[in-house]
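Each residue of the sequence shown is one higher than the one before, starting from 8 at the first, in our numbering.
Derived from the structure by calculation, the hints contain no laboratory data.
Take these hints with a grain of salt, some might be off.
[Stated by the list, open to error] The calculated lysine to aspartate or glutamate pairs, modelled on EDC-like cross-linking and capped at a C-alpha distance of 16 angstroms, are: (1) LYS276 x GLU318; (2) LYS262 x GLU136; (3) LYS51 x ASP108; (4) LYS196 x ASP206.
[Said to hold, decoys possible] Restraint-style ranges between C-beta atoms, simulated for each label pair: (5) THR128 x GLU238: 51 to 61 angstroms; (6) GLU238 x LYS167: 49 to 59 angstroms; (7) GLY334 x GLY50: 36 to 46 angstroms; (8) SER259 x SER132: 18 to 28 angstroms; (9) LYS119 x GLY287: 42 to 52 angstroms; (10) GLY371 x ALA26: 21 to 31 angstroms; (11) ALA133 x VAL208: 28 to 38 angstroms; (12) GLN143 x LYS196: 37 to 47 angstroms; (13) GLY50 x SER9: 21 to 31 angstroms.
Heads up, the beta-carbon is just placed ideally off N, CA and C, and yes, glycines get one too.
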Amino acid sequence: MSDVVVAGVGMIPFAKPGASAPYHEMGTEAVKLALADAGLGYGKIEQAYVGYVYGDSTCGQRALYPVGMTGIPIVNVNNNCSTGSTALFMARQMIASGALDCVLAVGFEQMKPGALGSVYTDRPSAFEEFDAAADQLIDAPGIPLALRYFGGAGLSHMKKYGTPLDAFAKVRAKASRHAKNNPLALFRKEVTADDVMNDQVIWPGVMTRLMACPPTCGGAAAVLVSERFAEKYGIGKEVRIAAQAMTTDTPSTFKAGDMMQLVGYDMAKEAASRVYESAGIGPGDLDVVELHDCFAHNELITYEALGLCGEGEAGKFINDGDNTYGGRIVTNPSGGLLSKGHPLGATGLAQCYELTRQLRGTAGATQVEGAKVALQHNLGLGGACVVTLYKRH
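Take these sequences, add in the hints, and give me the full structure.
Structure, rendered in structure tokens:
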């Protein structure tokens, strides 16, 4: 498969639930921004993959028809928190395989306030096995499930490696320092690790409120094209997807008896390994990473899953400042989910938006100097993980 050119990206500012435009308007706006960035009309798009989690069937058509009704295939995608990157994964495959030359990926979400929960309560949940495993591993009655999953993973890391609670606070503080420079981040107030530690406790000894990302609403999109298409229409070819992998759960998810595995550690490790091998590089070659920090705990364990540091070394990686500007690899220069919030369908494409701008050198105040290689990690519990490697040419 050949490299795929990221021709255009678009993202709208994320907003708190109840303060955003309806889902279809957010999707429409993000698509228009990506098309304008690419310098293309909607008539050039051959297929579209549209990601969202909370919505009825064919919401993708509702969002795209105001942009154009050209009769192209529109595929609606739902893969939990990795939905946006799954849409990107499918779009890229169509280009890389040579089947198509110009494909759109878009994601949006109109969220409700509060913790995530099931919509369809009259049938078995997709998380039944995960919930049962979490119940066996974690004794935390009254803790909402998402917090229990990822807080439990952080707790596992603390018990294995002696990681202190303030390591997660330092991750959140770093996110706020990055977000203050990002006009598209919703939460831009800088906080210190002490501020995080002294915030409302939502799980004693495990998590404070500031260590968790909130639900938000938003939209983001990307136009992917082949190299020949870019040459034909004079589109810049500087940013390309050089490798990409999607993984789902393996037996270790349940058999390991470890909350880190239950929330996708092995999925992330395997996807990253495939991407590094395909691209012929290692984690030491990365300049910038946008990873799935739905909780500060998940960012910390993901450092190790992606090979940014060794297993058990995340605390040192954080303390040495190797996860920020001036360190080894700048992680989440956008401020991440902890600062932007997490509109599920839009998250993966918002990561693509940030990294494309980083590699173009147009990220403004969040720019990582000299960025040439970027990695994106987007995780959907229960489950899929998508890892995408971008290179500047």
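Tell me the hint numbers this structure goes against, listed in increasing order. none
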